[in-house]
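Engineer: Top line first, the protein sequences correspond to chains A and B. Numbering-wise, the working numbering puts 101 at position 101 of the first sequence, and it's gapless, one number per residue. If you want the working numbering, it's the 1-based position in the second sequence plus 1000.
Misleading hints may appear alongside valid ones.
To be verified - Computed beta-carbon distance windows for the label pairs:
| # | chain 1 | residue 1 | chain 2 | residue 2 | range |
| --- | --- | --- | --- | --- | --- |
| 1 | A | E108 | B | G1063 | 38 to 44 Å |
| 2 | B | N1072 | A | E108 | 56 to 62 Å |
| 3 | A | H74 | B | P1244 | 42 to 48 Å |
| 4 | B | N1104 | A | C37 | 36 to 42 Å |
Stated by the list, open to error - Chain B side only, calculated, beta carbon under 8 Å to chain A, not exhaustive:
| # | residue |
| --- | --- |
| 5 | P1140 |
| 6 | R1165 |
| 7 | I1212 |
Claimed, not checked - What the simulated footprint calls covered on chain A by chain B, stretch by stretch (three residues with Cβ under 8 Å from a Cβ of chain B suffice, anywhere in the stretch; the number is not a length):
| # | stretch |
| --- | --- |
| 8 | 8 to 18 |
| 9 | 21 to 33 |
| 10 | 36 to 43 |
| 11 | 51 to 60 |
| 12 | 63 to 71 |
Hint data in this document are derived by calculation from the structure and do not stem from the laboratory. Quick reminder that beta carbons are idealized off the backbone N, C-alpha and C, glycines included.
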Amino acid sequence: MTEEIVDKPLPSPSGFAEPFWEAGAEGRLLLIRCKSCDESRVPSSEVCPNCLSVDFEWYEASGLGVIYTYGVMHRLYHPAFEQDLPYNLVVVELQEGPHLPGNIIGIENDALRVGMPVQVVWQKYSDISIPRFQART
Amino acid sequence: MKHPLRGAAAITGLGITEMGRIYGKSSTDFAVDAVRYALDDSGLKKSEVDGLLINAGITGSQGGGVSLSLQNALGLRNLKLLNHMNAAGSTAAQMVQYATLAINAGMASNVVCVFADAPLREGTSTGQAYGSAGRTSIRPTGVNGLFSTAGYFGANTGYALAARRHMSLYGTTQDQLGAVAVAERAWAVNNTRAQMREPITLDDYHNSRWIIEPLHLLDCCLVSNGAVAVVVSGAEQAKDMQQPPVYIWGMGQGHPGDPRSAGSSPETETGAKIAAETVFSMAGVGPSEIDICELYDCYTYTVIVTLEDYGFCKKGEGGAFVEDGKLGPGGELPTNTGGGQLSSFYMWGMTPMSEAVIQARGQGGIRQVPKNDLVLCTGNGGVLNYHASLVLSPHHN
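Input sequences plus hints: build the corresponding full structure.
Structural biologist: Structure, rendered in structure tokens:
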């Protein structure tokens, strides 16, 4: 876990996704499994978008995935990102299926490839830990 | 068998305001102007307008967009149909579709459909006008907040990610994206309404600055202040009106949603695929019969994936399809013949719509495409999430 104090826009750790953020602070990635249709999802909604059931459980995911797609941002839209430019952003397809947005840390942007195996790493901010990714071999 | 609504309504009026960095006017002011011009163009008296469909652009979600009060600004007293619609970039085609349905249901006779936007302010950049998404002090709950934390801002990001996915899956190249930008600029040279009329080369494209890789500045649409209005009337009435009618042969929509999960690829297989089946089935034609394409081109990539999803080429072959310049002037498939959103002006779905009307009427001047029997006009919104389209023709049948 790395410390980073930057005034970036951060999600709120409260609300129904609280277990997700609490586990993240311990370096674990939780996903939601619908108890009705068995579909996995990231905690974006309390209602299963597949079958509309409200019955779900949290489970610990592998934290492994591959880069589904990526981009390298050169334009400044938010002052907190100025020192990062040009920075990468990715969508990772988790082994369990759901897609999760993030950044790949510890890599040259030119080395990014779709399909590259990655694993989740959690970066700690003031009151929340955020999932990023790093390449794995 | 001919579809009962094919050719049952027509676009009978078109109004386009000044476009671009035009200041000192609100969205509503632009909308009023566009409607005035459209009525002049159609020859209709204001009292003959009994339907009004309104689409506010980005200013609609930023406050200050054109609203239902446009009715009063225009002094319309006899409306039988009124709505404020928004399905992002697919709205323009949708407004014409709902107008067509309403007219054929006997609910209205002449429906004005208008888009207006005024996001550009003096002294601020184009990017600032649209790039503010995610810049809020409210902390989102759940994983939706992960997008802005990752530095995901505005539509540029979503389309860059979609384009990269396509490039990776199918070998689509930067040169092929550039070919779309170059072809459209070549059309814009001959459009006096276009904001960007200097010809560009593929080198100019590569030398334009990165916005977000794989998108250069010249992969991205413009931003414009302005408005466009069209009038839709029943076919019987249309044939005696001032302008050559542009008949609506086909209408279709497709909105596949995005589950953000394995097995779904909305980035590379879009709602256009669903809309294509409906629009071509109603029109009774296929892609090989289309003479002119006016495609929503918020980004170069949008054109490539749209051509694939309409079956002009196979999935994954859109890059190679456009590379030889066939979209440009003199090419085999004239596309975005006014310069599109990339080079003329950005009025969401009204950019392709207005040029489709001009070409179908044969009023394109030096950029007129000689064979204009069937024009495909598409609208796309979100990040390839919402899609609607029309097949238009100067022929009733």
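Engineer: Hint by hint, say whether it matches the structure.
Structural biologist: Taking the hints in turn, this is what the structure says about them:
1. Between E108 of chain A and G1063 of chain B the beta carbon distance is about 42 Å. The supplied range of 38 to 44 Å therefore holds.
2. The given range of 56 to 62 Å is respected by N1072 of chain B and E108 of chain A, whose C-beta atoms sit roughly 59 Å from each other.
3. Between H74 of chain A and P1244 of chain B the CB atoms are about 46 Å apart, so this pair conforms to the stated range of 42 to 48 Å.
4. Range check, N1104 of chain B to C37 of chain A: about 41 Å between beta-carbon atoms, so the 36 to 42 Å window is met.
5. Of the supplied interface hints, the one on P1140 of chain B holds, with its beta-carbon coming within about 5 Å of a beta-carbon of chain A, less than 8 Å.
6. Taking 8 Å as the C-beta contact cut-off toward chain A, the hint placing R1165 of chain B at the interface holds, the least distance being around 4 Å.
7. Satisfaction of the interface hint for I1212 of chain B is found here, the shortest Cβ-Cβ separation to chain A being roughly 5 Å, below the 8 Å cut-off.
8. Look at the stretch 8 to 18 of chain A against chain B: 9 of its residues bring a Cβ nearer than 8 Å to a Cβ of that chain, three or more, so the hint holds.
9. Check result for the stretch 21 to 33 of chain A against chain B: violated, 0 residues qualifying (beta carbon to beta carbon below 8 Å, three or more required).
10. Against chain B, the stretch 36 to 43 of chain A contributes 5 residues with a C-beta closer than 8 Å to a partner C-beta. That satisfies the three-residue criterion, and the hint holds.
11. Against chain B, the stretch 51 to 60 of chain A contributes 0 residues with a C-beta closer than 8 Å to a partner C-beta. That does not satisfy the three-residue criterion, and the hint is violated.
12. For the stretch 63 to 71 of chain A, the stated coverage by chain B holds: 4 residues have a C-beta nearer than 8 Å to a C-beta of that chain, and at least 3 were required.
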